[in-house]
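These protein sequence lines map, in sequence, to chains A and B. Take the first sequence: its letters are residues 320 to 429, numbered as in the numbering used here. Take the second sequence: its letters are residues 8 to 121, numbered as in the numbering used here.
These are calculated hints, taken from the structure and not from any lab test. Glycine included, each C-beta is placed from N, C-alpha and C at the ideal position. Mixed in with the good hints, there may be bad ones.
To be verified - Computed list of lysine to any residue pairs in SDA-like fashion (alpha-carbon distance at most 20 Å, straight line): (1) 108(B) to 377(A); (2) 108(B) to 414(A); (3) 108(B) to 399(A); (4) 44(B) to 422(A); (5) 64(B) to 31(B); (6) 49(B) to 322(A); (7) 49(B) to 407(A); (8) 108(B) to 36(B); (9) 108(B) to 369(A); (10) 29(B) to 361(A); (11) 108(B) to 373(A); (12) 49(B) to 94(B); (13) 64(B) to 415(A); (14) 49(B) to 386(A); (15) 65(B) to 417(A); (16) 108(B) to 413(A); (17) 108(B) to 402(A); (18) 108(B) to 335(A).
To be verified - Estimated spans, in silico, between C-beta atoms of each pair: (19) 392(A) to 85(B): 38 to 44 Å; (20) 332(A) to 33(B): 36 to 42 Å; (21) 86(B) to 390(A): 39 to 45 Å; (22) 378(A) to 12(B): 30 to 36 Å; (23) 33(B) to 341(A): 34 to 40 Å; (24) 49(B) to 378(A): 19 to 25 Å; (25) 335(A) to 62(B): 36 to 42 Å; (26) 74(B) to 374(A): 33 to 39 Å; (27) 116(B) to 415(A): 27 to 33 Å; (28) 25(B) to 327(A): 38 to 44 Å; (29) 33(B) to 429(A): 23 to 29 Å.
Unchecked claim - Among the chain A residues that face chain B by a calculated CB cut under 8 Å, a handful are: (30) 351; (31) 361; (32) 362; (33) 368; (34) 371; (35) 405; (36) 409; (37) 418; (38) 419; (39) 421; (40) 422.
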Amino acid sequence: SQTIHQWPATLVQPVGSPLSLECTVEGTSNPNLYWYRQAAGRGLQLLFYSVGIGQISSEVPQNLSASRPQDRQFILSSKKLLLSDSGFYLCAYILGSGQYFGPGTRLTVL
Amino acid sequence: GENVEQHPSTLSVQEGDSAVIKCTYSDSASNYFPWYKQELGKGPQLIIDIRSNVGEKKDQRIAVTLNKTAKHFSLHITETQPEDSAVYFCAINAGGTSYGKLTFGQGTILTVHP
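Extracted from the complex, chain B is given alone in its bound form (with noise of 0.2 Å):
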């Protein structure tokens, strides 16, 4: 069955610092890849993905790179600042379309500190 795994589980960085999160999946079949960022008691929030024919995507201060050969994608974070303090979880759509359902990671708890 579809599987991702994520790494680190937890996080902590210095304001200012990079953040990096990898996942890693089984999959050859999955070819989307978002990133969602979950705030105390909130729903998910989509904060960038990309496809599997683009190697990396950016934006502002965040970016997304696949290696698609290895199966795995990272989530980087740059400049951190607290409010970036959350949980991160990356996701596949395992199986390629599937009616758009999403396999998640089990998340990373990242705390900026000031």
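Bound conformation, chain A alone (with noise of 0.2 Å):
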């Protein structure tokens, strides 16, 4: 069976500070994965997604980037995060017609 983990689960940095979140897909090989951002508990707006190793589409202009080192490995990553980077953030893959998620990371930025 498939399992997606992420990882960490919640993280708290300071603005300026550089920032890593890794999320990793067990059971299924070279799926489409994605990056989601969803502030105060509503509305997932896709940040990331990717269909193979080095493959990065990105949505929506920001301060973060995604890269994808391994095929069922896929990393957000910021040089500087803002105050406007606290979220939730989700990663989530493909089986079949389904899209399913990850547990998500919780980052706040003071």
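Assembly of the complex is requested from the two constituent chains, each provided in isolation within its own frame, with the hints serving as guidance.
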């Protein structure tokens, strides 16, 4: 069976610090992977998606970047965090036609 | 661009009653319509989905109906229970396949009172 992991679960970072969030998927190969951000518990916004290693598509201009160094690993990064980067970050993968989400990372930028 | 409107934003029902949440969309190329349930502090969970070649789909107490002509689809929960309390999101795959990208509604906070 497939599982999706996100690390860390929660993170508190100062403004201007770097960021690295990790997402890994088990039990499937070459999945489409997605990063979403959710503000205030409502409305998921697609940030990036990837259809393969090294292939990243950005949906909105922002202070963040994504990378896919391995088939089942998707990383969300920033060189300098802004207050507006606070939120709940969710990774997702596709299985069949369904899209399945990880447990999320709660990021607070102070 | 793609747009999904979800109503109501909050819904309060008594245990045992039915709950209905509706979404309307504008992209006629959309052909996949999932519904997600999100509990506090957790990732959204896919609870039911429907494709455009089907008008209705049911799974125990939940059902989804689709009216492709009118561009709206609805989630129906019957015999609601307190554990159904959560935020529910609809979504569409605007533009057809588009690499599986989903556009989400703004969510409905459902509260089921015992």
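Query raised in the report: Hint by hint, which ones does the structure fall short of?
Result: 3, 14, 17, 18, 22, 25, 29, 34, 35
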